[in-house]
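Chains C and G are the protein sequences, given in the same order. Under numbering that gives the first Met the number 0, the first residue of the first sequence carries the number 0, and numbering increases by one thereafter. Under numbering that gives the first Met the number 0, the first residue of the second sequence carries the number 0, and numbering increases by one thereafter.
Keep in mind the hints are simulated off the structure, nothing from the lab. Be aware that a few hints might be false.
Derived DEER-like restraints, expressed as beta-carbon distance ranges [to be verified]:
| no. | chain 1 | residue 1 | chain 2 | residue 2 | range |
| --- | --- | --- | --- | --- | --- |
| 1 | G | A183 | C | L65 | 36 to 44 Å |
| 2 | G | L197 | C | S72 | 49 to 57 Å |
| 3 | C | I24 | G | M251 | 25 to 33 Å |
| 4 | G | M245 | C | D59 | 22 to 30 Å |
| 5 | G | M251 | C | R11 | 23 to 31 Å |
From the derived model, a few chain G residues whose C-beta atoms are all more than 12 Å from chain C [unchecked claim]:
| no. | residue |
| --- | --- |
| 6 | Q64 |
| 7 | D94 |
| 8 | D152 |
| 9 | D159 |
| 10 | V163 |
| 11 | V249 |
Model, not experiment: these values are computed from the prediction. Just so it is clear, CB atoms sit at the ideal spot from N, CA and C, and this is done for glycine as well.
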Amino acid sequence: MSMNLLRLFSGRKATAPVARERLQILLAHERGLRGQPDLLATLREEILAVVSKHIQLDPDKVTVKLDRGPAVSTLEVDIEVPNNFEKTKAHAERRAGAA
Amino acid sequence: MANVLVVTSGKGGVGKTTSTAALGAALAQAGEKVVVIDFDVGLRNLDLVMGAERRVVFDLINVVQGVAKLQQALIRDKRLENLWLLPASQTRDKDALTDEGVGRVIEELRTKFDWILCDSPAGIERGAMLAMRYADQAVIVTNPEVSSVRDSDRIIGMLDSKTVKAEQGERVIKHILITRFDPARAARGEMLSIDDILEILATPLLGIIPESQDVLRASNVGSPVTLNNVASAPARAYTDAVRRLMGETVDMVVPTERRGLMNRLLGRRAA
């Protein structure tokens with residue numbers, strides 16, 4: 000009551016409820032991840048290993064991002080492939096054949 | 000029985016060192032034998048806030064490494080005879096703090112003191128982990144602000160998993176200490192309320208320290224706020240918190256500044 004009255008006079012919106020809600024959503028998510036190995040780091044490592052079998056990659060040019068939405072989340076994998084990709088592919092195949 | 004209490008937060012600048020000094024001094028005033036330990040290797044400041052910066056000879060790392068005896072490193076407070084300080088090292092050799100070495104020092108302190116207050120560095124690195132490692136109790140210093148609350152939540156998770164108590168299947172007793180609280184702003188909905196913070200962190204409240212100019216005044220002169228101005232709002236809040244730590248039931252109120260007549264007439268806001 001008094002809070003609403005004060006807000007009326009100050010002409011500003013209360014921001015604390017926004018803070019509380021953001022924290023509640025964030026922490027519910029972060030608490031769930033606690034104690035688990037870092038999912039994104041694991042994904043990044045394994046994707047890098049699979050692609051590296053065929054293409055020579057710079058490990059720094061592989062990014063794995065997870066965007067959390069209210070209903071669905073998107074997993075974004077961004078791999079920068081060098082332009083001499085065909086050569087490296089042939090190289091990898093030769094290597095695989097030799098092995 | 001000795002109590003090992005870590006003052007921690009995750010986030011920096013929320014008032015860990017101020018709170019360690021204030022709680023330590025208030026406990027000593029209540030007749031307890033207290034040592035406050037600075038775990039912030041390389042960035043020590045508890046000595047400065049306690050006004051003992053010119054009396055540091057040996058430090059925690061010297062004791063851990065066996066270069067100095069505990070008795071040589073402990074600095075007795077000039078105002079309270081049962082308050083002692085164990086300073087951090089200013090060298091940058093953080094790896095010199097070992098789990099085993101810290102454990103040994105804490106064990107020795109347990110035989111000599113009623114309260115061992117560990118002032119944790121910010122962050123979740125080695126120093127912070129070792130500061131909480133042997134704790135029986137934890138005071139989690141939290142500002143009414145989103146990043147501080149988030150970091151407190153993270154620290155609570157660590158207290159429940161990375162401490163010796165947790166590994167033994169026991170629990171570290173945790174308390175939230177809200178600092179820099181502004182009741183007027185919270186009432187206007189501009190600041191997270193006490194209830195918001197407690198609901199999110201699901202941890203009992205030890206005290207509410209109001210935002211106050213007295214805190215800076217006290218650190219300027221190197222005196223814990225509970226000694227520098229006993230009647231000030233933050234000093235009363237810290238003293239109430241200490242009474243709760245000692246098992247008393249004390250009503251939870253936010254102490255306010257006692258404004259002088261001139262301030263009232265001029266309509267100045269209490270800071």
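**Asked** Which earlier hints turn out false for this structure, listed by number in ascending order?
**Response** The structure breaks hints 2, 4, 8 and 9; every other hint is satisfied.
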